[in-house]
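Participant: Residues per chain, in single letters:
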Amino acid sequence: MNTGIPVQYFLVLATIMFFTGVYGFLTRRNLITILMSVELILNSVNINFLAFNRYLYPHKLEGMFFSLFVIAVAASEAAVAIAIIINIYRRFTTINVEDVNEMKF
Amino acid sequence: MTSNQIMFILFSAMIVVFSLLTVTTRRVLRAAVFLLFVLVSTSGLYFLLNYQFLAAVQLTLYAGGIVVLIIFSILLTSHISQKFESPGLKKVIFSGLATAAGAFLSIITLLDYNFSATVEAAKEVDMKLIGKSLLSVDYDGYVLPFEVISVLLLAAMIAAIVVAKKGGPAKAHSQTLNK
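Those sequence lines, one after another, are chains Z and B.
Just so it is clear: in the first sequence, position 87 is 87 by the working numbering, and no numbers are missing.
Just so it is clear: in the second sequence, position 15 is 15 by the working numbering, and no numbers are missing.
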């Protein structure tokens with residue numbers, strides 16, 4: 001392979017990153033840090049897509065375009081999530097998930 | 001050891017260390033900066049894999065856009081010097097065990113799996129090809145997801161404006177409730 005690195009290394013790296021994100025998602029209580037964990041998870045999936053595309057199917061472009069669309073979806077998700085977080089902060093003056101237990105007034 | 005391998009080790013070490021710091025640090029602004037480092041190292045990996053366009057997109061959109069958005073919302077919603085209380089020991093142990101077991105199983109499985117690459121020649125990924133594929137309706141075209149993503153981005157933009165817009169009477173109502 002042109003880069004001299006086995007494909008498994010990329011996959012192991014993406015796995016570690018994914019589960020780090022899951023750990024943050026489970027332990028964090030602040031909404032913004034939960035959002036950051038989700039970004040980590042999405043990013044690790046992108047690495048997987050690109051490694052598979054480059055190593056196993058280099059004559060196609062599916063992985064690249066899927067990563068592109070994942071990035072676009074992550075961007076819109078972050079925008080909407082931050083709008084919601086700001087709205088929650090305005091109503092409850094906190095963004096701790098344990099203090100925000102009423103969804104409706 | 002080739003320069004590619006050295007760069008891969010450097011980037012992957014940065015990714016692992018900084019993603020662990022992102023989820024464990026107790027200051028929220030530092031978590032955002034560590035996330036920025038993770039995203040920049042990831043774009044370095046994309047350069048290693050020869051996807052220059054995607055690396056540029058990662059740098060501008062993720063590292064430039066999303067992280068700035070997150071930092072803005074941190075500044076709007078929490079005090080900079082504020083520290084979180086650490087999560088309970090029980091929670092840390094059980095989440096750590098669950099995620100470590102998941103990571104262990106996945107890594108074992110994928111190290112065991114025999115990946116077989118195709119023998120077809122690699123395609124050179126240049127901007128012309130990317131633009132043509134994005135707007136073509138052929139077998140290799142991606143015009144439908146492209147259009148769907150455009151509509152999604154528009155919807156997300158409008159939704160963000162509508163949701164974050166300052167409400168009139170609702171605000172006074174919630175303030176009295178909070179007292």
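Calculated directly from the structure, the hints in this document are not laboratory data.
Since the model is a prediction, treat every value here as computed from it, not as a measurement.
Glycine residues also receive a C-beta, built at the ideal position from the N, C-alpha and C atoms.
One should not assume that every hint holds.
[As the list claims (entries may be wrong)] 25 Å max Cα-Cα, derived DSS-like pairs, lysine-lysine:
| hint | chain 1 | residue 1 | chain 2 | residue 2 |
| --- | --- | --- | --- | --- |
| 1 | Z | K60 | B | K166 |
| 2 | B | K128 | Z | K60 |
| 3 | B | K123 | Z | K60 |
[Claimed, not checked] Distance windows between CB atoms, simulated:
| hint | chain 1 | residue 1 | chain 2 | residue 2 | range |
| --- | --- | --- | --- | --- | --- |
| 4 | Z | I84 | B | L61 | 18 to 26 Å |
| 5 | B | K128 | Z | Q8 | 27 to 35 Å |
| 6 | Z | Y57 | B | V148 | 21 to 29 Å |
| 7 | Z | V100 | B | V33 | 33 to 41 Å |
| 8 | Z | V70 | B | I108 | 23 to 31 Å |
| 9 | B | N50 | Z | N101 | 44 to 52 Å |
| 10 | B | E147 | Z | Q8 | 21 to 29 Å |
| 11 | Z | E98 | B | Y139 | 47 to 55 Å |
| 12 | B | I107 | Z | Y57 | 18 to 26 Å |
| 13 | B | D112 | Z | N101 | 21 to 29 Å |
| 14 | B | L75 | Z | H59 | 41 to 49 Å |
| 15 | B | Y139 | Z | V100 | 42 to 50 Å |
[To be verified] If you want the ones that stay clear, here's a sample from chain B, every Cβ over 10 Å from chain Z, calculated:
| hint | residue |
| --- | --- |
| 16 | L48 |
| 17 | S81 |
| 18 | K91 |
| 19 | E120 |
| 20 | V163 |
Participant: Hint by hint, say whether it matches the structure.
Facilitator: Consistency of the hints with the structure:
{"no.": "1", "hint": "Z:K60 with B:K166", "result": "violated (47 Å)"}
{"no.": "2", "hint": "B:K128 with Z:K60", "result": "holds (15 Å)"}
{"no.": "3", "hint": "B:K123 with Z:K60", "result": "holds (7 Å)"}
{"no.": "4", "hint": "Z:I84 with B:L61: 18 to 26 Å", "result": "holds (20 Å)"}
{"no.": "5", "hint": "B:K128 with Z:Q8: 27 to 35 Å", "result": "holds (33 Å)"}
{"no.": "6", "hint": "Z:Y57 with B:V148: 21 to 29 Å", "result": "holds (23 Å)"}
{"no.": "7", "hint": "Z:V100 with B:V33: 33 to 41 Å", "result": "violated (26 Å)"}
{"no.": "8", "hint": "Z:V70 with B:I108: 23 to 31 Å", "result": "holds (26 Å)"}
{"no.": "9", "hint": "B:N50 with Z:N101: 44 to 52 Å", "result": "holds (49 Å)"}
{"no.": "10", "hint": "B:E147 with Z:Q8: 21 to 29 Å", "result": "violated (36 Å)"}
{"no.": "11", "hint": "Z:E98 with B:Y139: 47 to 55 Å", "result": "holds (51 Å)"}
{"no.": "12", "hint": "B:I107 with Z:Y57: 18 to 26 Å", "result": "holds (23 Å)"}
{"no.": "13", "hint": "B:D112 with Z:N101: 21 to 29 Å", "result": "violated (44 Å)"}
{"no.": "14", "hint": "B:L75 with Z:H59: 41 to 49 Å", "result": "holds (46 Å)"}
{"no.": "15", "hint": "B:Y139 with Z:V100: 42 to 50 Å", "result": "holds (48 Å)"}
{"no.": "16", "hint": "L48", "result": "violated (6 Å)"}
{"no.": "17", "hint": "S81", "result": "holds (15 Å)"}
{"no.": "18", "hint": "K91", "result": "violated (6 Å)"}
{"no.": "19", "hint": "E120", "result": "violated (4 Å)"}
{"no.": "20", "hint": "V163", "result": "violated (4 Å)"}
In this structure, the hints that do not hold are numbers 1, 7, 10, 13, 16, 18, 19, 20, in rising order.
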